[in-house]
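2 protein chains.
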Amino acid sequence: MQSARLSDDQRRDWLRLARAENVGPVAFRYLIETYGEPAKAIGAMPRLAERAGRALPPRVPSPPEAQAELDAGAALGARLLCACEPAFPPLLAALDPPPPLVWALGDAGLLHGRSVAVVGARNASAAGQRFARGLAQDLGRAGFMVVSGLARGVDGAAHEGSLETGTIAVLGGGPDDIYPPEHAGLHQRIAGRGCIVSESPPGYRAQARDFPRRNRLVSGLSLGVVVVEAELRSGSLITARLAAEQGREVFAVPGSPLDARAKGTNDLIRQGATLCESAEDVIRALGEGFGAGLREPEPAAYAHKGAEEPDAALIRRVAELLSPTPVSWDELARTAGVPAPTAYAALVELSLVGRCELLPGGLVVGA
Amino acid sequence: MQSARLSDDQRRDWLRLARAENVGPVAFRYLIETYGEPAKAIGAMPRLAERAGRALPPRVPSPPEAQAELDAGAALGARLLCACEPAFPPLLAALDPPPPLVWALGDAGLLHGRSVAVVGARNASAAGQRFARGLAQDLGRAGFMVVSGLARGVDGAAHEGSLETGTIAVLGGGPDDIYPPEHAGLHQRIAGRGCIVSESPPGYRAQARDFPRRNRLVSGLSLGVVVVEAELRSGSLITARLAAEQGREVFAVPGSPLDARAKGTNDLIRQGATLCESAEDVIRALGEGFGAGLREPEPAAYAHKGAEEPDAALIRRVAELLSPTPVSWDELARTAGVPAPTAYAALVELSLVGRCELLPGGLVVGA
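The listed protein sequences correspond, in order, to chains A and B.
Residue 1065 in my numbering is what sits at position 260 of the first sequence, and the numbering runs on without skipping anything.
Residue 1071 in my numbering is what sits at position 266 of the second sequence, and the numbering runs on without skipping anything.
Hints in this document: simulated from the structure, not taken from any laboratory.
Since the model is a prediction, treat every value here as computed from it, not as a measurement.
The reader is advised that the hints may include incorrect statements.
For identical chains, the list gives no copy identity; a pair is met inside one copy or between any two copies.
[Claimed, not checked] Straight-line alpha carbon distances no greater than 20 Å define the calculated DMTMM-like cross-link-like pairs of lysine to aspartate or glutamate that follow:
id, residue 1, residue 2
1, K1068, D1015
2, K1068, E1093
3, K1068, E1082
4, K845, D982
5, K845, D814
6, K845, E1114
Chain A on its own, in the form it takes in the complex:
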């Protein structure tokens, strides 16, 4: 997205569009690139929704509602970072698509350092927590910021180990959502000398469904993700998968086959993750050169500029091809027999009325 400082009005409208019903990061990016300004995109939404077959446009927060969120953030001392701004974390800007915005509470400058995520089991063993703490400490001494999710177990230990050198906690709830309760003191210390990051508005309490988005931010803020103890089918493995999809390095700490908490990490190693026994393994893999290829994707990746505006009939044709099985946008365009940019515009409009969901990575599922 373009790099610019926003006026107060633009910032408020950016927030309104980001919080609009059915507007995920894919549609957000499309709308900003197509309409240039969030206000223009908001203005176009009734027409786009109507063309996609819905009379009522998606709900967009009013300017006072957005202002209330901005005021709540300011009251906390948090800072809103929009994806088009220079202060936005560069590794997040390199995501395709990036999150439209994040709240940062604490030292937002840490988000411009070289970061590594250290994540793992909430029910980690004492040894696993000790390892995570030491690893975070060693990574910090080597100049890395340490990113984690402020959860019990490995996450908490990783933050503790890196409080002195730079720690970044990513929350599923708002920046003031203290969870688990026993991490209240840690939350406060991170807000003081580290940085708390969240896509959610102040005052919002995390729900289970918010954690995949949180995990995408944990890996997205990091050059690599180290998984310390994880059972099979655990959230840490999702973070690892997201990291791999984002072109970030995946590390896993091995463990005894007799320990269920090592099943997930051993499985990652089997699948090609780099085996991690110490910070050295991470430092070696993430040398100076690593991450040079991680930069903001070209707008052309979305290839919608100069696309014909899809008419209602074409949108209906595309809608009929949707199914609960994810397909790629390209494949759907070929099946519909329309140019990819036009099919893509139709999909965005269908997503705005809740007919489909656009997934990062170029996939779409019917809803």
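Use these hints to put chain B onto chain A, whose structure you have.
Chain B in isolation, oriented as in the chain A frame:
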């Protein structure tokens, strides 16, 4: 080597040549392939030694000395298996070069099954021993023979787990060399229902220098080697390296970075060993097809047939090129400017008088 049943005299001479001074498996193989019969090779040795610059030929045990070893083996109930015989373990025959002979005490038929070695630390943790025992049991149930070295720790546990289904203990000492003392009962049970294998004569007690040869047999008898707990620079890692050189599969059981006994296995995984959490991992990798490529190497590999006999001058030229740094036979032949088979013959003659050592894998070092 040719497949044949030996007469009593031939067997005794085979043993004499195998036990001759300075005759390792490389020279043994060369001599047998060049002279056809061990007796003829023994007869040629004075001339070969003289040409290589030594007046006294290498010491060869007398027929009564060899007979005494045969009698001692028979008294134990052990069986001498010579590399040219059908009863010789086929996976050992596939080594290049194979050991000239082994003693087998117990059920030598087990040596013709599909085998997996389970090896590891002598000071293994209780968990590591439990894992090794269970793994050996599961491999046994899946139809594999389990090979190990009868040492304390992992080895002993692996044998115990596979006593019912087929266990093979390879000793550095003679087949009757009971070590460690607390494995006396296990030794006896393996001799009863499993098989004890050794390259050393009955009555011989293992020295430290015998273990590399023992390890080469452990991996050589096996389609794959599983390493369960191993510190860095431990014997189990040597067995793993030998296995890889022999074209056998290497498996390693991961462990916590906080446990020194996992350093070696984690390092093996880092180097490409297959991560092993259960017998399933081994069974999957060593499916029916695995090992089909492991067969007796062509005699042509040694390429000495029809070689010109090297004269004393040529042997001296080759000798001058030797150094304590291992070089390949081929490279040495090129540097000497002589055809490879001729240079190779010269090297064997030099090895017989102790001027160099021929290593499996085509390397030679000056002595």
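Evaluation of the provided hints:
Proximity of K1068 and D1015 under a CA criterion of 20 Å is satisfied in neither setting, with 25 Å inside one chain copy and 38 Å between copies. For a Cα distance limit of 20 Å, the shortest separation of K1068 from E1093 qualifies neither inside one copy, at 32 Å, nor across copies, at 27 Å. In the homo-oligomer, the alpha carbons of K1068 and E1082 lie at most 20 Å apart both inside one protomer (16 Å) and across protomers (9 Å), since each shortest distance falls under that limit. When the C-alpha separation of K845 and D982 is checked against a cutoff of 20 Å, the pair qualifies neither within a copy, at 33 Å, nor between copies, at 89 Å.
Proximity of K845 and D814 under a CA criterion of 20 Å is satisfied intra-copy only: 12 Å inside one chain copy versus 101 Å between copies. Taking the closest pair of Cα atoms, K845 and E1114 come within 20 Å of each other only inside a single copy of the chain (16 Å); across copies the shortest separation is 93 Å, beyond that limit.
The structure is inconsistent with the numbered hints 1, 2, 4, although it conforms to all the rest.
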